[in-house]
Amino acid sequence: MCIRDRPKPETLVFWGIGLTCYMTNLLSSFYYFDFMMDGKINSRNGVYTILALRGSGPQSNRSSFLHQDNESAMKHSFATHVGESSLERRYLYLPFVNHSGIVSLHFKPFFHICRLMGVSFDLEAKKGITFILPDTLQCGMLSILAIASGKDELFNKMLQVLDFLTKTAGDPSYKDNGFINDDLRNDCVHFSSIYSAVKMSVKQVIRGKAEKKNYGRKYELLT
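In this text, residue positions in the sequence shown follow numbering that gives the first Met the number 0: the first is 0, and each later residue adds one.
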């Protein structure tokens with residue numbers, strides 16, 4: 000639960016209303032992200048970083064916080080990052096993307112088109128798009144995980160893959176998912192709703208960067 004702080008309305012206060020003591024879908028996405036990145040997370044500020052080293056394998060120096068307590072992980076992170084540049088990584092996860100047009104696609108042609116359209120994951124830079132398939136494409140549902148260094152790049156990558164699905168599998172109509180007739184309603188979030196939410200997030204990121212730039216200019220004029 001997220002609320003505004005009364006003394007400081009510009010800040011957000013997170014209030015936990017429950018505790019889950021077992022593996023969830025969202026938690027497993029972080030395990031997957033950590034496996035792909037082979038980096039470290041700062042338990043104080045939540046920033047995830049990787050070492051900017053070339054030639055290191057994916058399991059070369061596995062010392063993630065998943066295998067250590069917070070104190071030892073922070074000490075090891077400080078020791079290994081001294082004299083070495085670190086890069087920040089973050090991810091955006093869409094667990095259930097329903098698209099009626101995916102049913103007509105097949106594995107080999109689908110991923111071949113992905114490669115041609117630039118929808119892929121860079122193993123060296125550790126950035127890009129990954130698909131998580133709970134079943135065959137004929138089930139009409141998949142999961143998408145985008146990885147990038149900045150928030151604007153992250154949402155743009157996710158918007159890119161949603162545009163790719165629209166061009167490749169077509170634009171699904173509300174009628175196909177039962178949003179016209181109330182008798183056919185289901186608990187699936189429509190593809191257009193996901194697309195609109197990601198597109199709105201991209202606009203908010205752009206607007207936030209513009210406001211910060213304008214604020215910096217005003218501060219320079221005042222000083």
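The hints are simulated quantities; they were obtained by calculation from the structure and are not laboratory data.
One should not assume that every hint holds.
What the hints assert, rightly or not - Keeping only pairs whose Cα atoms sit at most 27 Å apart, straight-line, the calculated BS3-like set for lysine-lysine is:
1. LYS202 with LYS107
2. LYS166 with LYS126
3. LYS150 with LYS107
4. LYS126 with LYS150
5. LYS166 with LYS198
What the hints assert, rightly or not - Derived DEER-like restraints, expressed as beta-carbon distance ranges:
6. LEU18 with ALA209: 37 to 47 Å
7. GLU210 with SER148: 29 to 39 Å
8. TYR30 with GLU87: 15 to 25 Å
9. LEU158 with HIS111: 15 to 25 Å
10. GLY207 with LEU115: 25 to 35 Å
11. SER148 with SER42: 25 to 35 Å
12. CYS138 with ARG206: 32 to 42 Å
13. THR135 with TYR31: 44 to 54 Å
14. GLN137 with ASP170: 15 to 25 Å
Every residue, glycine too, gets a C-beta built ideally from N, C-alpha and C.
These are the hints, each one checked on the structure:
1. Straight-line distance between C-alpha atoms of LYS202 and LYS107 comes to about 34 Å, which puts the hinted pair past the 27 Å bound.
2. For a cut-off of 27 Å, the pair hint linking LYS166 to LYS126 stands: about 23 Å separates their Cα positions.
3. The straight-line distance between the Cα atoms of LYS150 and LYS107 is roughly 31 Å, outside the 27 Å bound, and the hint therefore fails.
4. About 13 Å separates the Cα atoms of LYS126 and LYS150, which keeps this hinted pair within 27 Å; it holds.
5. Restraint check: the Cα-Cα separation between LYS166 and LYS198 comes to about 16 Å, which is no more than 27 Å; the hinted pair holds.
6. One distance hint, 37 to 47 Å for the beta-carbon pair LEU18 and ALA209, holds here, with the actual separation near 39 Å.
7. Range check, GLU210 to SER148: about 21 Å between beta-carbon atoms, so the 29 to 39 Å window is missed.
8. A beta carbon spacing of about 19 Å between TYR30 and GLU87 agrees with the range 15 to 25 Å that was offered as a hint.
9. Between LEU158 and HIS111 the CB atoms are about 22 Å apart, so this pair conforms to the stated range of 15 to 25 Å.
10. With their beta carbons about 33 Å apart, GLY207 and LEU115 fall inside the hinted range of 25 to 35 Å.
11. The hinted window of 25 to 35 Å between SER148 and SER42 is violated, with their beta carbons roughly 20 Å apart.
12. A beta carbon spacing of about 37 Å between CYS138 and ARG206 agrees with the range 32 to 42 Å that was offered as a hint.
13. At roughly 20 Å, the beta-carbon separation of THR135 and TYR31 lies outside the given 44 to 54 Å, and the hint is violated.
14. Checked against the hint of 15 to 25 Å, the pair GLN137 and ASP170 passes, with Cβ atoms roughly 19 Å apart.
Violated hints, listed in ascending order, are 1, 3, 7, 11 and 13; each of the other numbered hints is respected by the structure.
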